[in-house]
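There are 2 protein chains.
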Amino acid sequence: MDGNTKSVAMPLSAEELHRMDAWWRAANYLNIGQIYLSANPLLREKLTVDHIKPRLLGHWGTSPGLNLIYVHLNRLIKKYDLDTIYMAGPGHGGPALIANVWLEGSYTEFYPDITRDEAGMLRLFRQFSTPGGVPSHVSVPTPGSIHEGGELGYVLVHAFGAVMDNPALLVAAVVGDGEAETGPLAGSWKSIDFINPTRDGAVLPILHLNGYKISGPTVWARHSDEDLTKFFEGQGYKPYFVEGDVPEKVHQAFASVLETAVLEIREIQSRARSGASHGRPQWPVIVLRTPKGWTGPKIVDGLQIEGTFRAHQVPVSDVLTKPEHLQILDDWLRSYKPEELFDGAGRFRAEFADLAPAGNRRMGSNPNANGGLLTVPLKLRDFENYQFKFEERARQRIGSTSVLGNYLRDIYEDNPHNFRLFCPDETNSNRLGAIFDISDRCLISDILPGDDHVSHDGRVMEVLSEHCCHGWLEGYTLTGRHGLFATYEAFAMIVDSMSMQHGKWLEHAKRVPWRADVPSLNYLLTSTCWRNDHNGFSHQGPGFIDTVIHRKPTVARVYLPADANCLLSVADHCLRSVNYLNLIVIDKQPQLQWLTMDEAKVHCAKGASVWDMYSKQPDEPDVVLACAGDIPTQETIAAAWMLRKHAPGLKVRVVNVVDLMRLSPADRHPHGMTDADFTDIFTQTAPVIFTFHGYPGVIHDLLHGRDAHDRFHVRGYLEEGTTTTPFDMVVLNRISRLHLCLDVLRYVPGALIEHGEIATLCTDMLEEHDRYIRAHFDDLPEIKDWVWSD
Amino acid sequence: MDGNTKSVAMPLSAEELHRMDAWWRAANYLNIGQIYLSANPLLREKLTVDHIKPRLLGHWGTSPGLNLIYVHLNRLIKKYDLDTIYMAGPGHGGPALIANVWLEGSYTEFYPDITRDEAGMLRLFRQFSTPGGVPSHVSVPTPGSIHEGGELGYVLVHAFGAVMDNPALLVAAVVGDGEAETGPLAGSWKSIDFINPTRDGAVLPILHLNGYKISGPTVWARHSDEDLTKFFEGQGYKPYFVEGDVPEKVHQAFASVLETAVLEIREIQSRARSGASHGRPQWPVIVLRTPKGWTGPKIVDGLQIEGTFRAHQVPVSDVLTKPEHLQILDDWLRSYKPEELFDGAGRFRAEFADLAPAGNRRMGSNPNANGGLLTVPLKLRDFENYQFKFEERARQRIGSTSVLGNYLRDIYEDNPHNFRLFCPDETNSNRLGAIFDISDRCLISDILPGDDHVSHDGRVMEVLSEHCCHGWLEGYTLTGRHGLFATYEAFAMIVDSMSMQHGKWLEHAKRVPWRADVPSLNYLLTSTCWRNDHNGFSHQGPGFIDTVIHRKPTVARVYLPADANCLLSVADHCLRSVNYLNLIVIDKQPQLQWLTMDEAKVHCAKGASVWDMYSKQPDEPDVVLACAGDIPTQETIAAAWMLRKHAPGLKVRVVNVVDLMRLSPADRHPHGMTDADFTDIFTQTAPVIFTFHGYPGVIHDLLHGRDAHDRFHVRGYLEEGTTTTPFDMVVLNRISRLHLCLDVLRYVPGALIEHGEIATLCTDMLEEHDRYIRAHFDDLPEIKDWVWSD
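Just so you know, the protein sequences line up as chains A and B, in that order. First residue of the first sequence: 1, per the numbering used here; consecutive thereafter. First residue of the second sequence: 1, per the numbering used here; consecutive thereafter.
Excised from the complex, chain A in its bound form:
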């Protein structure tokens, strides 16, 4: 690279260039200090091994680019009073963001002991990647950050989610060229097809091509600018390129391109907001090609470092043992001329510090990066208004999610800028279609006459990408808004890792005092394993429950409402909550309804309770039939009904668990029941047949530590399935009413002898079912009954 760039304008005066370069040098210097130094922060004396940390951690390679972008954003934030936050896809460049936030003064406001002087600088260095200090990545303790960048791939979805319904916000989203290889990142460029400039803010993606990952070249760095131009234009972007390794030239070129991009975004927004344009605008994107580890050591031990993968982390190692390496480090640090940058007390000189915007315009202090500060609670009508009033208990069917749809419809109506549903093209399929009375699907492309509820103004976010849905919702909630991600149960596992990472963020944020509470991330899993009888085995997988329960008890919440009224109560609770991962699991098909609204409220408040109305002499039961989940509840109540009819002497208690974490011992989860409560519900000695929606291991785990839990016999999804009938699904996995009756006879002492009749009945019916299934296409008339499901 020769420092030539594609943009020739020189917008910076010599003085401005000098000051901006000084900021950049200071940030680079502080970067290196964090990686290496435990003393002598201002290099007052020649470096010795006593000044060096015992363990060198941190990522240098990406940092000079991140620093460059930061100072150039500062210029424009000041010039145009921009409301801007910064997301670093290469979040392992943690020291870069920390350095800039310290330079601008935000850091010291959040952490007063990290003062803006030599002592503070030393603490800044020492705390980095040090036990008890701050993590090596851009993480929760980093002011200005809502994106860690530890697991790569999500910077754009977080950025786009943050700007939805956030018209003033501009997110500068740096995409690493390593990150750009991930599937989720590749799939998130399309987010501009869902951004409406009249009501949404804007994202400025900056693809930072520094050529290498940990050790290999990146895919995009080996494609030409022509390729990249086509790639971006094809997706609706207008790309700008800056390339070089001569700082002054890159400063000028980047300043020019960044300003052009920002002005184009403002122009797009002002035209759209004045009604002068419609449709999908051509949003700018910047491609920045600079060397990996730019300005770092060029050669170490005869090997090129700058511009290669060797600059990825610590570009010169063994400084404790190799004097010549220590000399390279000394030279490298001094190349930034720290004495020019910091005064005698270690304070960043005012002439450079003045480049920072003021107050909340500083990217480290922008409230959008601490979204709880901006959170407005949802306006929620009384959920009892939406209740399903049945005429006869356990006789009428309705799709419970369709009842929830009415509730969500009014949330859309009452919260026109504060709530969105995110869903992979399944809103109708999931029976939530009532919301289309108020809002449409969002798409910023041409709308065709045959389209159903699709418009540019729509705020129902449907895209066939669970990654986009989840990531957008994360960005939306972390900037203080509310939402729900509704998806087919099995395909929630596509975002297992995103859920884990967001859960870790929420967990950590609870321990960072200045982080304000943010709305919970709410999941509605529907089209569940038990009722994917039509789609078959690939659509049957309840494993997302396992992912959520592994998060810390401070954030993990799992609800399995069995009917519409319970679902309403649970949803209301979740939508009012903060800082949780709330997982709600319920199928969408018409299903029997069990509880009145009054009963449902009491039950959901308790989280788990005895359902007297479905029990027989529940006070001193011979057996407890417990259930969690809609189909388990159906089969359990049916089994109780069969037992009442065919084994009238048997005392059967029916227990339903709607809040799964209630099963946990009280010392393991805040929702956990005391042992006394647990005994009240499950008795001390009766056998318990527990029928669970998901994998039985979840219940085994939750029950661990309870006395006498060997009397619990857990049934659940056994990874059996195909395209078949709903009833065959419960038979295959042995949770059918017939299996449960047989289990009761097996585990209640003496029951089999006393109630042999029902054992015969159940066995006969299972054989009959087996004949039904095996008869299938040879003898079709007979199987017209095969939808027999309750």
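None of these hints come from the bench; they were simulated from the model. Honestly, I wouldn't trust all of these hints.
Pulled a few chain A residues facing chain B out of the computed Cβ check, cut under 7 Å [as the list claims (entries may be wrong)]:
(1) L57
(2) K190
(3) M493
(4) P553
(5) T554
Think of the CB as a built atom: it goes at the ideal place given N, C-alpha and C, for glycine as much as any other residue.
Model the placement of chain B on the given structure of chain A, informed by the hints.
Relative to chain A, chain B alone:
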């Protein structure tokens, strides 16, 4: 659409056109029959409700396009003797593939009772989506398929994996426009950057734009051909477009474009293989725009169906109750003129059936889609040759994965076309770099002088996409080759759902008699939670174990070798196996070595055993210290050592579990121990402190059903972590040697009173550690010891 297409050549004679159209009509007809009919398959009489299935399932919308592509591929397979398989991204179009495979005769060869006549046709219809019949998706029982397409997004990665080291194979990969919105699909176009035409086969992607998903428009369908051209060209493809809704015109245009694409692929390959070209060729891609549900009902109840989302599944419903709907179905079926297509006995007329290729060239019979037929076992040298011979037990450290690297290096050498490593740019980081002695990283772009072991001929597959790595390996193994996916432990969760889907495939395949055994899919998770002390919380997540153990016992295998010799033994076992998901978890950092090779072989064969050499009077122990995983083993042995020293009267048995599924009751997993074996190892009554690598719930689940498992006290990863020291990680999660000693004193009756000294010692040391951590950057000299880890 007016039927105009961008390609004007007319390669088909009138007669050929007629015959191909007839095949297409026949496939469409059979599609609809599968969805609707339970009788009257040849429409000998007017349709009545008695001919209709009781429940209408299946996806019509995508099917006409899938059928069109099938017959056109047949033409070229015959003309050029192509070795071709078909992958349907929109796998919900199951009836389409089944129809074509039946028409070509393959189906009847696999399923003789589905004869090629009227009776067979009726069974074909009746079995579809019927209990006991075949699933609604392209699935394991579908001949010619190695891609279900239930969970969308993976068709290209499967296709590209299938052609690696498979130079004769051409995969026609149909990408749905819904699927194209997913992250994994968007991220897999780049696969051509890793395909070397000299030694790999080719993928021909066909992006099928039919405009709609379940209910909304697709993103790409609303972009122009110009946009798509740029998008594909930017990524190195040469796009061809076919658009229309007039069958004859589309036939001609598609025939022309498909032949052009196939010839270009052959030209690319022949130039590369003759040495006439190098570098990344411009591979063709086809964009096919046809109406959703093409040739289906145009209008039903006044609403447009063909060309809209309403054609997605069953385009005309309620045929049992609405006579006018039944009439529409009758008209629709007759529009294909079944009497022209099938003879009086229901046989597909020979003049049309002759379009099919012969024998194994038929896509339903191609052995690449039943890859076990092609599998050649790996050449594996004796793994004992690579053993680590220590001079003193438990005193020497080595990176166990670096030992494995030597073994893998020789596998690369001995199996130059039959084995690949897939890894997100971490081969060196994961200490497997020895393989670079034999092969390079693969990249088909310009190679720069500074690149390290990167070449066009490289066969080490590094791409920063876990989705690509996993999907490529799936395609590679399903076509009969062998491989290993090595990745950072936490980021394995990115592919949780892919692992689930592949596990389901393997499970189902075991029950399909004609499916031959395929090599296992092997995972090596390294850079584990316990040793991501430097990267912090986002890199600490052992949840992938949970994903694997939820697969059926027939396929789920989990190994936690504690040292290099155990790792070698386990790896050898996994690489020889078939049909499993083999998960191996071990960290990459230098670690203490516990067993000689002879001991390791015995131990791994047992799966779990008492380690006498680390126990004290193990015959009648007061306590069992059990462990699974490298760091748990280290802490457990250290605790045993401390107890021996400070509580010499205590009898301590050390147990190690390398094959996790051994813990399972024998009736739950084929590796499960009998109760007698279990008692031999864990005793009948002694308290067991079980230290586990992952979440404790995994062990709770596996132990469920064992007698007296309340005496097991499981310790594991508690979702605690940050950037800190290795030792602090085990302290934070309470599995440190000090915690384990304290646990022993707590659970062994009377031990605390008898051995108070060690309790004080441990408590003091934990306090000292706490001071270390809290001292951190304020008092750095003191914490030079903070790497204290064993």
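Consistency of the hints with the structure:
1. L57: holds, 5 Å
2. K190: With a minimum Cβ separation of about 5 Å from chain B (threshold 7 Å), the hint on K190/A holds.
3. M493: holds, 4 Å
4. P553: violated, 9 Å
5. T554: T554/A check fails; min Cβ-Cβ to chain B is 10 Å, beyond 7 Å.
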